[in-house]
Amino acid sequence: MTDVKDSKRSQKVVIVPCSGIGKTYGSVSREAAYVVTEDVRPDDTQLVALSMLVLGDESARAAVAANPAITIDGCKLACATKMVQESGGRVAQDFAVLEVYRRYKQFKPQGIAELNEGGMQLAEALANEIAGVVEKMSSSPAMGDEAIKNGAAQGSSNGGHNG
Amino acid sequence: MVDLPKKKVGIVACSGEELAEGTVTRLAALKVLEQLRPQETVTICLPLFLAGGEGDRAFARFYPTIAVDGCELRCAARATEMYSGKPAASIVVTELTAGAGLPRPQGLRRLDQVGEKAVALTAARIAESVDELLEQRWNRSVGQAISLSIDSGQVENQLVVPVVSEEPIQATCSCGSGIPVRTLVIEDQPVTLIALPVIFEDFRQQGKLPGEGTIRELLDTVKIYNPIPAGAEAAYAESLLREYAIFCADTQAVK
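Listed in order, the protein sequences are those of chains A and B.
Residues 1 to 163 in this note's numbering are what the first sequence spells out, letter by letter.
Residues 1 to 255 in this note's numbering are what the second sequence spells out, letter by letter.
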């Protein structure tokens with residue numbers, strides 16, 4: 001029989017970035033998601049593609065249903081956050097790239113296909129904030145519950161929003 | 001004179017972040033939008049079919065659309081058909097690269113050389129499709145290519161699509177502002193009509209006042225972009241006339 005605590009610990013935080021194609025902030029959101037899931041917290045996080053949620057893909061829906069999600073939106077339409085919610089998932093915290101940029105105005109992002117240095121630095125800064133939230137969530141047996149709220153609250157002070 | 005939307009081709013890339021082929025779709029779409037066919041193409045983010053408004057969901061009906069997918073799941077093609085309209089063309093990167101004898105590309109964030117070749121190959125295929133679709137006649141009211149079997153009068157009616165001015169060469173998505181829409185109440189039901197705000201503005205600028213003399217032309221123009229059920233023309237005409245009068249009054253009041 002699987003211990004509930006172990007089960008909680010085996011969860012991975014789902015990272016869902018905006019799939020924006022025509023805006024710089026969309027590219028920043030995607031790059032930040034890659035930094036988190038490949039470089040900073042590869043063992044605690046998994047990337048879920050927004051297009052699969054749009055299609056209603058079973059594996060993508062199962063991933064967001066079983067794990068807390070952190071969404072990264074590139075514009076005010078907040079597609080990533082809305083799609084996770086509509087797919088039956090729970091957004092532990094959502095980040096809006098524009099709000100993050102307001103805190104790191106020294107990193108001015110430009111480019112879409114290829115981000116400039118400022119865009120890459122902004123993505124790194126955003127990824128570090130996300131990693132901080134993941135750290136709090138992962139270190140608690142009650143991952144996805146109260147610990148998320150506490151972590152998210154701190155994240156919110158950095159510009160993220162509680163889901 | 002107000003410019004009504006020009007005929008362009010829509011591109012919807014799956015942009016799948018989990019696969020290198022998803023990155024290929026995004027970069028290939030951008031190459032077409034910015035370099036190969038900048039004046040003839042527009043794009044929209046796939047999630048907006050659900051997260052956006054009526055104008056976003058009208059995208060694939062309004063523009064003949066090419067779905068560009070990274071893998072056989074075909075998220076872009078299937079979701080576009082489910083929520084917007086049947087894509088006019090569908091391209092799958094894995095099929096394209098296999099056909100060209102290329103191995104699978106690597107690198108989600110930074111594509112390898114194979115990935116770069118795949119981008120070039122996919123972009124070229126998209127551009128070919130754009131050219132093919134631009135040669136076809138497109139019925140915006142039903143979102144299909146016009147068959148030559150339709151009588152010529154009907155075809156002419158569907159083709160009155162004025163040209164817009166040149167636009168800057170930078171890929172921009174159509175999120176939230178792609179296609180102007182306005183919702184009317186027709187026979188006690190809300191009906192969202194594509195392009196109605198620009199049609200109204202066009203008529204107003206031409207000095208066509210709300211009245212019986214205008215309504216037939218207004219109805220015909222609206223029919224270019226919207227299906228009107230058989231037998232409902234009178235109700236549409238009445239509602240359009242009422243709404244156009246409100247539009248003109250509001251515009252006058254703002255001035």
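By construction, these hints were calculated from the structure, which means they are not laboratory data.
One or more of the hints may lead you astray.
[To be verified] Some chain B residues judged to face chain A by a derived CB distance under 7 Å, without partners named: (1) GLU17; (2) LEU27; (3) LEU36; (4) GLY53; (5) CYS75.
The structure displayed is predicted, hence computed values, not measured ones.
Ideal Cβ positions, reconstructed from N, Cα and C, are used throughout, including at glycine.
These are the hints, each one checked on the structure:
1. The interface hint given for B/GLU17 holds, since its Cβ lies 5 Å from the closest Cβ of chain A, which is under the 7 Å cut-off.
2. At about 6 Å, the closest approach between the beta carbon of B/LEU27 and any beta carbon in chain A falls short of 7 Å, and the interface hint on this residue holds.
3. Annotation: interface hint on B/LEU36 violated; nearest CB of chain A at approximately 13 Å, more than 7 Å.
4. Evaluation of the B/GLY53 hint against chain A yields a violated restraint, the C-beta minimum of about 9 Å exceeding 7 Å.
5. Taking 7 Å as the C-beta contact cut-off toward chain A, the hint placing B/CYS75 at the interface holds, the least distance being around 4 Å.
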